[in-house]
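Participant: If you want the building blocks of each chain, they are given just below.
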Amino acid sequence: MNNLRSRLFMTQSLRIVERTKAFFTEIGDLSFFAWRFFREVFTRPFEFQELLKQCYHMGNRSLLLVGVTGFILGLVFTLQSRPTLMEFGAESWMPSMVGISIVREIGPVITALICAGRIGSGIGAELGSMRVTEQIDAMEVSGTNPFKYLVITRITATTLMLPILIVFGDAIALFGSAIIENLKGAVSFQLYFNQVFDAIEYSDIIPATIKSFFFGFAIGLVGCYKGYFCKKGTAGVGEASNSAVVYTSMLLFVIDFIAVFLADIFFEI
Amino acid sequence: MKKTASQKLKLGVFVVLGTMLLIAALYSIGNRQNLFGSNIKIMSQFTNVNGLELGNNVRYSGINVGLVSKIKMINDSQIIVEMLIRESVGKHIKKDAVATISSDGLVGNMIVNIIPRESKKLPVVSGDTIQSFSKIGTDDMLTTLNVTNENAALLTADLLKITTKIIDGKGTLGLLINDSIMARDLKLAVYELRKASTGASQTITELKDIISSINKGESVAGVLLSDSLSGQKMKTMVSNLEQSSDEIIEVSKNLNVVLKDIKEGKGALNYLANDPTLVNNIDSTMNSIKEGTYRFNQNMEALKHNFLFRGYFKKMEKQKKKKNR
Chain A
1 MNNLRSRLFM
11 TQSLRIVERT
21 KAFFTEIGDL
31 SFFAWRFFRE
41 VFTRPFEFQE
51 LLKQCYHMGN
61 RSLLLVGVTG
71 FILGLVFTLQ
81 SRPTLMEFGA
91 ESWMPSMVGI
101 SIVREIGPVI
111 TALICAGRIG
121 SGIGAELGSM
131 RVTEQIDAME
141 VSGTNPFKYL
151 VITRITATTL
161 MLPILIVFGD
171 AIALFGSAII
181 ENLKGAVSFQ
191 LYFNQVFDAI
201 EYSDIIPATI
211 KSFFFGFAIG
221 LVGCYKGYFC
231 KKGTAGVGEA
241 SNSAVVYTSM
251 LLFVIDFIAV
261 FLADIFFEI
Chain B
270 MKKTASQKLK
280 LGVFVVLGTM
290 LLIAALYSIG
300 NRQNLFGSNI
310 KIMSQFTNVN
320 GLELGNNVRY
330 SGINVGLVSK
340 IKMINDSQII
350 VEMLIRESVG
360 KHIKKDAVAT
370 ISSDGLVGNM
380 IVNIIPRESK
390 KLPVVSGDTI
400 QSFSKIGTDD
410 MLTTLNVTNE
420 NAALLTADLL
430 KITTKIIDGK
440 GTLGLLINDS
450 IMARDLKLAV
460 YELRKASTGA
470 SQTITELKDI
480 ISSINKGESV
490 AGVLLSDSLS
500 GQKMKTMVSN
510 LEQSSDEIIE
520 VSKNLNVVLK
530 DIKEGKGALN
540 YLANDPTLVN
550 NIDSTMNSIK
560 EGTYRFNQNM
570 EALKHNFLFR
580 GYFKKMEKQK
590 KKKNR
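Chains as they are written, first to last, in the numbering used here: chain A, 1 to 269; chain B, 270 to 594.
Any given hint could turn out to be false.
[What the hints assert, rightly or not] Think about it this way: if two alpha-carbon atoms lie no more than 25 angstroms apart in a straight line, the pair counts; the simulated SDA-like pairs of lysine to any residue are:
hint	chain 1	residue 1	chain 2	residue 2
1	A	LYS53	B	GLN276
2	A	LYS53	B	THR417
3	A	LYS232	A	THR84
4	B	LYS277	A	ASP29
5	A	LYS232	A	GLU26
6	B	LYS430	B	ASP409
7	A	LYS184	A	ILE114
8	B	LYS277	A	ILE114
9	A	LYS53	B	LEU291
10	B	LYS310	A	SER203
11	B	LYS279	A	THR209
Hints listed in this document are in silico derivations from the structure and should not be mistaken for laboratory results. Bear in mind that the values here come from a model prediction, so they are computed numbers and not experimental data.
Just chain A, with the same shape it has in the complex:
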């Protein structure tokens, strides 16, 4: 009995060690992948056409989803906050509160999570299926650098497009919030946006914008990594797509935490 227990304990311990090892190996692989990106992004040839195509697919095609989500986010956030602020008689603080919350935190994080779901999983599935169908291998054979053509263009596109998507998302969310304030609190649009811009400072907008580049980079990096190193078979594609979303979401929160921490140091928020 005692022997069985010790064997079970050993098996569990080995499994944990294996998983930890796999986790650190994956992080190491991801770091090498990121390093390879930075090494190759500034070297010729530059795949501008593919980059523009990816920017279009990741930016323009995500705008509707980001816009609708942002609008509902602003609407719901204002509706939910109103009663609490009304209890304190602080309804006039609504524009500044919503403005700061959306610009600093909620807008970038929610938009990044939506993009992680849409873009990250898309990249993972696309590259995964290319790996499974040996298209990537074929590209290597034909002399095209698949990393440059597939990975660098996608990561660059997500890095550049996400900040713009976040700006749109923030603006639409604020517009949604202004509509509720206009309908429920009889606050004019001019007054609402005046109060929002009175409250927001550069120390709010600059860290959020810098953070959004990192969010975009993380979405592209994890999506490409998961797809590029996809396991064989159709199950591998699904797993790549799924794990791309999960890992990206986790990484987004880690980046957000670091960003807030650094912003607190440098901007005294």
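Position chain B against the provided structure of chain A, taking the given hints into account.
Facilitator: Frame of chain A; chain B shown alone:
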């Protein structure tokens, strides 16, 4: 290829719009923080800035006109607050304006309020230092409140002692509240007072009626007060009386002179008035006359009964009787 061109156009619009939105937001924020306009720098010296921070608003007559750009501590009791004010507003702020630090609302940020004064001094220029005024801070208010609380506690303790004494029936108030006899007396007194007030009320009503009748001119007083003819007569009477009194005064003056002359003069009247011997003589003479008259009456009575004159007196009586008939 056609599809790619369309995609490029859409992407271009997307990127340009997004960038413009970001730039507009950045410009709007910067504009509100007076980063793009021309500003003037003015200073004010405080002893306590009550948590004022860089970037807090500066208000002049309730309008946001700038920001706090620097807070510098000179020594343990002097803090210089530097403010960036929009140049367009600077010409309205006079050199004798006063800066105070207050809170924007009950729980709002701290702000610097520049209060204008009614003067014709020159407007401030960059680098000027304006006067400051330290308002009472929250700490001071809390200290005052603390003292008030202590006083309130003392007052409550005293009040408790007083109420205990009252409840125990000690002192005038205690007696007043607890003594049933006094309460009954008081009740009676109140009853009497009520009666007296009722009587007074009736009297006032009657008086009112009288005054009303006087006003209407129904009584003598009313006629006197309201009739203009009587008034005129009265006026004439008073005038005559006045004249008469003047004359009386004149006469009395003359009389005084006469009396003085009589008193001081050497005539018969003075002798008559002032000589006591003469008065005695006259008195004795009058007594003699009185006695003489009495005796004369006796003689006359004797004559009536005398047989020589009795006939004459009878005749006189008969004639008198006839006349009376």
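Participant: Just to be careful, I want the Cα atoms of LYS279/B and THR209/A compared with a cutoff of 25 angstroms; is the pair within it?
Facilitator: OK: LYS279/B and THR209/A at ~23 angstroms, within 25 angstroms.
Participant: Mind checking the alpha carbons of LYS277/B and ILE114/A for me, to see if they're no more than 25 angstroms apart?
Facilitator: Distance ~24 angstroms between LYS277/B and ILE114/A Cα, so the pair holds.
Participant: Take the C-alpha atoms of LYS184/A and ILE114/A, compute the straight-line distance between them, and say whether it is at most 25 angstroms.
Facilitator: Answer violated: LYS184/A to ILE114/A is near 29 angstroms, above 25 angstroms.
Participant: Measure nothing beyond the straight line between the CA atoms of LYS232/A and THR84/A; if it is 25 angstroms or shorter, mark the hint as holding.
Facilitator: Not OK: LYS232/A and THR84/A at ~53 angstroms, beyond 25 angstroms, violated.
Participant: Can you confirm whether the C-alpha distance between LYS232/A and GLU26/A stays at or below 25 angstroms?
Facilitator: holds, 17 angstroms
Participant: Straight-line Cα separation of LYS53/A and GLN276/B no greater than 25 angstroms?
Facilitator: holds, 7 angstroms
Participant: Quickly compare the C-alpha distance for LYS53/A and THR417/B to 25 angstroms and report which way the hint goes.
Facilitator: Outside the cut-off at roughly 74 angstroms; violated.
Participant: Under the criterion that the straight-line Cα-Cα distance not exceed 25 angstroms, is the pair LYS277/B, ASP29/A satisfied?
Facilitator: Roughly 34 angstroms between the alpha carbons, so the hint for LYS277/B and ASP29/A is violated.
Participant: Would the pair LYS310/B and SER203/A pass a check requiring their Cα atoms to be no farther apart than 25 angstroms?
Facilitator: Holds - the C-alpha atoms of SER203/A and LYS310/B are around 23 angstroms apart, at most 25 angstroms.
Participant: Checking one constraint from the list: CA of LYS53/A to CA of LEU291/B, max 25 angstroms. Satisfied?
Facilitator: Holds - the C-alpha atoms of LEU291/B and LYS53/A are around 23 angstroms apart, at most 25 angstroms.
Participant: Please verify whether LYS430/B and ASP409/B have alpha carbons no more than 25 angstroms apart.
Facilitator: Not satisfied, since the Cα-Cα distance of roughly 32 angstroms exceeds 25 angstroms.
The structure is inconsistent with the numbered hints 2, 3, 4, 6 and 7, although it conforms to all the rest.
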